[in-house]
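Here's the letter readout for the chains.
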Amino acid sequence: MSASTKGSGMAWVGRSIRRLEDQALLTGQGRFTADPPAAHWVRVARSPIASGRIERIEWPPRSNVITAADLEAVKPIKPMLHKFSNACHVAEAADDVETGRVAVAEVAGSIINPMIVGGQVHGGIAQGIGNALLEEIVYDESGDILTSTLAEYLPSTAPGIAAIELHHMETCSEACVAKAKGVDECGTIGAPAVVINAVNDAISPFGVSIDEIPAAPRKIWAALRRTMEQRA
Amino acid sequence: MKSAPFVRHVPRTVDEATAMLAEFGAKDGRVLAGGQSLVPIMAFRMARPAHLVDINGIEALARQSRDGNVLSIGAVVRHAAFHRPIVRGEMGRLLSTVVHYIAHYPIRTRGTFCGSIAHADPASEWCLVAATLGAEMVARSRRGPRIIAADDFFHGIMATALAEDELLVEVRLPVVSDQTRFGFYEFNRRAGDFAIAMALVTYRLADGMIVEPRVGIGGAEVRPRRIAEAEAALQGRPPELKTFLAAATAAADTIDPMEDIQSDAEYRRDLVRTAARRALERAAA
Numbered sequence: 001m002s003a004s005t006k007g008s009g010m011a012w013v014g015r016s017i018r019r020l021e022d023q024a025l026l027t028g029q030g031r032f033t034a035d036p037p038a039a040h041w042v043r044v045a046r047s048p049i050a051s052g053r054i055e056r057i058e059w060p061p062r063s064n065v066i067t068a069a070d071l072e073a074v075k076p077i078k079p080m081l082h083k084f085s086n087a088c089h090v091a092e093a094a095d096d097v098e099t100g101r102v103a104v105a106e107v108a109g110s111i112i113n114p115m116i117v118g119g120q121v122h123g124g125i126a127q128g129i130g131n132a133l134l135e136e137i138v139y140d141e142s143g144d145i146l147t148s149t150l151a152e153y154l155p156s157t158a159p160g161i162a163a164i165e166l167h168h169m170e171t172c173s174e175a176c177v178a179k180a181k182g183v184d185e186c187g188t189i190g191a192p193a194v195v196i197n198a199v200n201d202a203i204s205p206f207g208v209s210i211d212e213i214p215a216a217p218r219k220i221w222a223a224l225r226r227t228m229e230q231r232a
Numbered sequence: 233m234k235s236a237p238f239v240r241h242v243p244r245t246v247d248e249a250t251a252m253l254a255e256f257g258a259k260d261g262r263v264l265a266g267g268q269s270l271v272p273i274m275a276f277r278m279a280r281p282a283h284l285v286d287i288n289g290i291e292a293l294a295r296q297s298r299d300g301n302v303l304s305i306g307a308v309v310r311h312a313a314f315h316r317p318i319v320r321g322e323m324g325r326l327l328s329t330v331v332h333y334i335a336h337y338p339i340r341t342r343g344t345f346c347g348s349i350a351h352a353d354p355a356s357e358w359c360l361v362a363a364t365l366g367a368e369m370v371a372r373s374r375r376g377p378r379i380i381a382a383d384d385f386f387h388g389i390m391a392t393a394l395a396e397d398e399l400l401v402e403v404r405l406p407v408v409s410d411q412t413r414f415g416f417y418e419f420n421r422r423a424g425d426f427a428i429a430m431a432l433v434t435y436r437l438a439d440g441m442i443v444e445p446r447v448g449i450g451g452a453e454v455r456p457r458r459i460a461e462a463e464a465a466l467q468g469r470p471p472e473l474k475t476f477l478a479a480a481t482a483a484a485d486t487i488d489p490m491e492d493i494q495s496d497a498e499y500r501r502d503l504v505r506t507a508a509r510r511a512l513e514r515a516a517a
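Taken in sequence, the protein lines are chains U and S.
For reference, each letter of the first sequence is one residue, going 1 to 232 in this note's numbering.
For reference, each letter of the second sequence is one residue, going 233 to 517 in this note's numbering.
Worth flagging that the hints you see were computed from the coordinates, not collected in a lab.
Note that the structure is a prediction, hence the values are computed from the model and not measured.
Only true hints are included.
Chain U stretches covered by chain S per the calculated footprint, using a threshold of three residues with CB under 8 angstroms from any CB of chain S:
1. 147 to 154
2. 216 to 230
Simulated restraints on C-beta separations:
3. S:R295 x U:G143: 46 to 56 angstroms
4. S:R298 x U:H167: 53 to 63 angstroms
5. S:M233 x U:K179: 37 to 47 angstroms
6. S:A391 x U:S209: 35 to 45 angstroms
7. S:D383 x U:D140: 27 to 37 angstroms
The beta carbon of each residue, even a glycine, is placed where N, CA and C say it ideally should be.
Pulled out of the complex, with its shape left as it was, chain U reads as follows (with noise of 0.2 angstroms):
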């Protein structure tokens, strides 16, 4: 449970992550692919532009463009060949204000995939939630795990599940000969983000919101509580 929790990286779901390259480039100990020639003075300039086709430059008297091309050591840039999918969720919750039930309504994605994978998908999904509502690894004082076992550590049931409506986009990868894309984690990283949204839109006319998941029914009902108690 908390190999694969951490396999599929749910310990970084809504976090900041730092990149690797940032340490070096900000301290001057960046490396380049290649010297260019003549260099006294070089400014690297990149498109903001992700795929846009570059169709003037304009540059100072007495300096060069090289762009990669004029590169050796630069190798041709391949379009992006991926064979994962993005997905858009959206999901409704009603809260239990008395007991911090969540109730999630309705699980909407728009899924940008070639092939029907509905069960797939509706599996992510299903993951995800238990990932925004139930499932947590809790440790005792002194480190003993106190969700070993299934009894205590509690992944998604059917009945937990409300229904899901899918709609699917087709985008073919030309990275494999059938081009088709993985649909595996589009259901599972979008869904404990967009459930803890709905969680909170739903708490908020009560001025409270929750930043961790699970949302325990416990911890809703304790941020409940707190402002109920200031407003008495």
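Following the hints, complete the assembly by docking chain S onto the known chain U.
Frame of chain U; chain S shown alone:
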């Protein structure tokens, strides 16, 4: 994991079963009925009985019968027998309402009513029914029969008044009248999970006022029980929200809640308040 080795004994009659329990009860012997609690904990080796007395073949225990105002449920009557009302009227409706909260369908086809009572999990719905309605448990052993009231039967978490050589052959439930209103509410994290808090309430109306109130709370304390303080808050009062809130608050204030990773004491106490009020509202609906 697989269970530790054990010897399975298969009695055909209650007398054979009690003879086997007299011999093996004190030697780590256990009764096997539906096995939906015992077998999983044996697989985890949290229980390592040396002998199992398998009562599933005793036909006389597979029956339920109604005699006047008593519904007798034999030791191998399955949960699924209650899916549809087992008797006419509110009693059958009460039992078929509660049974759907017990675990999941496959478990209900095998697990037994009396097995739940003998296992005495604090979160057992049937134990709450037995405590709230005031059931009598009929135990048999070579030493003779014994009738134990619900108040005396449940001692704590999976602890009961049953002796090692005793077999719970039958539970006798008082049949609630058709004028009785009932309401049940259970809170858990997922459908079929153990209750974190639940409430079963019954009452009648006389001249528009509540009489004979019973408020049972389960899943919250080490054993299910009626809460006299909550019942006192209902007695003789009109069935309205103000009354229900007072009774629910009395129940919450009275209990000594368990704590676990799902719930600390204060959350459970507040869930009891909510469960009791919602059960009362369901009874009034």
